[in-house]
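Build the full structure now, drawing on both the sequences and the hints.
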Amino acid sequence: MTMDCRTAQGKILAKADVLLPRQEEAELADHLAGCPACAADDAVTCATGPVLRSLTGIRAMEKAPALDAMWTRVRAGIEESRESRRRFSWLARWAWIPAAVALAASALLFYPSGTDQTPYRPSSFDVAVENVESDVATVALVDKGEDLPTVIWIIEDAKT
Amino acid sequence: MPRRNPRGRAGAPTLFLLLLLLLVAAVPSEAADTVTVDVGAAYASNEGTSIDPALGTIRGKLRSMFNYTSYRMLDRKRRSLSVGETGEFELPDRRSMRATLLPSRGDKVRLSIQITEGPRNLLTTTLGLRRGGMVLVGGPPHQAGVLILIISAE
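So the sequences go chain by chain: A and R. In case it helps, the working numbering puts the first sequence at residues 297 to 456. In case it helps, the working numbering puts the second sequence at residues 252 to 405.
Please keep in mind that the hints were generated in silico from the structure rather than gathered at the bench. These numbers come from a predicted model, not from an experiment. Treat the hints with care, as some may be off.
What the hints assert, rightly or not - Here are the computed lysine-lysine pairs in the DSS-like style, where the Cα-Cα straight-line distance is at most 25 Å:
| hint | chain 1 | residue 1 | chain 2 | residue 2 |
| --- | --- | --- | --- | --- |
| 1 | R | Lys-359 | A | Lys-440 |
| 2 | R | Lys-328 | R | Lys-359 |
| 3 | R | Lys-312 | R | Lys-359 |
| 4 | R | Lys-312 | R | Lys-328 |
| 5 | A | Lys-440 | R | Lys-312 |
Unchecked claim - Output of the computed footprint for chain R on chain A, the stretches with three or more beta carbons under 8 Å from beta carbons of chain R:
| hint | stretch |
| --- | --- |
| 6 | 420–434 |
| 7 | 437–447 |
We treat Cβ as the ideally placed atom computed from N, Cα and C, and that holds for glycine.
Pasting the structure below:
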């Protein structure tokens, strides 16, 4: 069966898109061999594909640096976000330690014990001595005013 | 992706709470009718010129009151006493002190004090002082100097 030009036009486009089956491609070739107009159309159509592909490649090469820069920024953003999450998690994990140490130190500091060795810090020297007695010594009461502590001095055998 | 150990996350706050409870339990909660009697024994002599930092703010006062050049803390003990209760404090050289808390009003503290050396009664006295107040009892010989007892009540 002889192919007409209208059918050949559709097959030329299909061939350019590499969608034409081998059998039909042979039929189209027979038609193109006997039809100079369709053969010219086929030549133009076949040449258009590589030109378009080249143009697309050139545009992609032009945009490549900008795309690279964008990806670099995206990667950096992702990494920064991961890092800050890691830092926060580290803080959340260990932040209780200083608080616990402070609490333990306070507990040790204020724990009541029988031998408290904190330095003396008296708030008053106001003392009333109601009576003083000794069976074996002389006792002197020394009161030098409110700024100094009252002293009860025991004098044994006039030794001190 | 690594996952955190949930037991580790729960352990930290639990430990924190335990420490908090320990602190609350450790802070002394003195009842109003108890008094903590604090008795320190200091050795005063002319051997050297050092003054024990444990004597705190009374270091300068000791210097201005006595002629000794050296003061060193030998011992210090505390007893919490209720009214009528007697606390015994061991002192150097086989001496001892008994303190009995007597009834009093306001922030006053009344203490009956008896200092003995074996069977000998060195001193019997009754003192009235404020909470946080202090009185000194000195004179008993010790080594090359004397003992000074620092009696305070809180």
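Checklist entry - How does the coverage statement for the stretch 420–434 of chain A fare against chain R, requiring three or more residues with Cβ below 8 Å from a Cβ of that chain? => result holds (count 14)
Checklist entry - Is Lys-440 of chain A close enough to Lys-312 of chain R, meaning Cα to Cα at most 25 Å? => result 11 Å, holds
Item to check | Restraint check for Lys-328 of chain R with Lys-359 of chain R, where alpha carbons must lie at most 25 Å apart | outcome: The given pair, whose Cα atoms are some 21 Å apart, holds under the 25 Å limit.
Next on the checklist: Is the coverage entry for the stretch 437–447 of chain A by chain R consistent with the three-residue Cβ rule at 8 Å?
Outcome noted: Three-residue rule met by the stretch 437–447 of chain A, so holds; n is 7.
Checklist entry - Does Lys-312 of chain R pair with Lys-328 of chain R here, judged by a C-alpha cut-off of 25 Å? => result 22 Å, holds
Checklist entry - Does the alpha-carbon distance linking Lys-359 of chain R and Lys-440 of chain A stay inside the 25 Å limit? => result Measuring from Cα to Cα gives roughly 21 Å; hence the hint holds.
Item to check | Restraint status (C-alpha distance of Lys-312 of chain R to Lys-359 of chain R at most 25 Å) | outcome: 23 Å, holds
Of the numbered hints listed earlier, not one is contradicted by the structure.
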